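Protein chains in written order, with this note's numbering: chain A, 263 to 356; chain B, 263 to 356; chain C, 263 to 356; chain D, 263 to 356; chain E, 263 to 356.
One copy or two, it doesn't matter: identical chains are merged, so the pair holds either way.
Below, a list of computed lysine-lysine pairs in the BS3-like style, where the Cα atoms sit at most 25 Å apart:
#, residue 1, residue 2
1, 293, 276
2, 352, 285
3, 293, 352
4, 352, 276
If you're looking for bench data, these hints aren't it; they were derived computationally from the structure. Values in this document were obtained by computation on a predicted structure and should not be read as measured data.
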Amino acid sequence: MIICKVKGHVWATKKEDTLVGLKLMVVQELKDGRAVGGDFVAADVVSAGVGDRVLVVNGSTARRALGRDEIAIDSTIVGVIDSLEVDREKSQNK
Amino acid sequence: MIICKVKGHVWATKKEDTLVGLKLMVVQELKDGRAVGGDFVAADVVSAGVGDRVLVVNGSTARRALGRDEIAIDSTIVGVIDSLEVDREKSQNK
Amino acid sequence: MIICKVKGHVWATKKEDTLVGLKLMVVQELKDGRAVGGDFVAADVVSAGVGDRVLVVNGSTARRALGRDEIAIDSTIVGVIDSLEVDREKSQNK
Amino acid sequence: MIICKVKGHVWATKKEDTLVGLKLMVVQELKDGRAVGGDFVAADVVSAGVGDRVLVVNGSTARRALGRDEIAIDSTIVGVIDSLEVDREKSQNK
Amino acid sequence: MIICKVKGHVWATKKEDTLVGLKLMVVQELKDGRAVGGDFVAADVVSAGVGDRVLVVNGSTARRALGRDEIAIDSTIVGVIDSLEVDREKSQNK
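Isolated chain A, as found in the complex (with noise of 0.2 Å):
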């Protein structure tokens, strides 16, 4: 799973049917905090708003999050993140 930024909505009149009622996000990938790469678009199962932190999958697993194999999506946001806890110490020793 990614750690991504919400950043808004996507719409699109003409697209193919499975994604018909689905909320289609803008998203980016965050690299120490920081924005990095380009938007691209998730599906969202979580209710996820604009701003928050959340965990995208990609490829097969995206499909499995929205229960439905035969849809047509390969990220899908699956869970808003509460707290990163990361120990700069230990995880620095080697």
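Position chains B, C, D and E relative to chain A; hints supplied.
Same frame as chain A, now just chains B, C, D and E:
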């Protein structure tokens, strides 16, 4: 789903049998509105046109979007974007 | 599907059983017509030749293209490109 | 499998149902012993601790490692590394 | 399939059950003959040795190569390369 721009068409006479009759389009990923990376090729199920901003799924999901799991496709255009609404303020705060 | 150039062949005497009899070719991705990244190896089902521009699928789709889901292949050449038509004007407008 | 360092934990109250009860850890890939790229989140099935070097599988294999194909996980920690033995001499020769 | 060099071995006492008894090797991708990127870990089904140039499959194909779909492996060595023949002239022409 990644956000891409449709750039053109590709023709291939010699091709795998399951590709016959599919509309194959040249697309390029957009990051923050600018085309980045190289061109790649996606099947189209939403009658996208050259110049459209579209949603593209990759991997096994691309086959699901075509409703045929045996098909030799790993990228499919599944939506034409009407609008992207990004809340810069909320998505910057954190 | 990514756009690649066929560069040569690879031989391996010691190999997984499902690979016996497959034609394995060395390919390299093209971005804007120039070869980029490193060489990789793909199975060929369309009798591609060295120097051809080809369409390559990756992941589970590469097995579908061979019609054998148990096969140890994750990249397959599925088409020989006749022509690529990119509309630079329309695809620049946004 | 990629080689990662375990850096911490992540908590999410709002999450997809299949994630309830899973231990989710923050990990970062190691290249030549140094942490590179951003943090991501993996489920843990081997009781890894913060600071451990671990083996992480991604994609559909992450679900197999949990023995539940319907689960919304695409990265799983599947081993705690005791030692890595790299033969620099042989692996340089070509 | 990507072209890799075998660099060594990895040991993990604490590991997911399906990994018990597998030979896990440290490999690194080769691009134009030079090792690039970081080390990663692949299962071996062709008795590869340290220093060998090998073919590695990733993702769900890595499980197929082991003939066990439930296994927690996403990279497998499926061939030892005898020779790579690249036609530099033809593959430069476009």
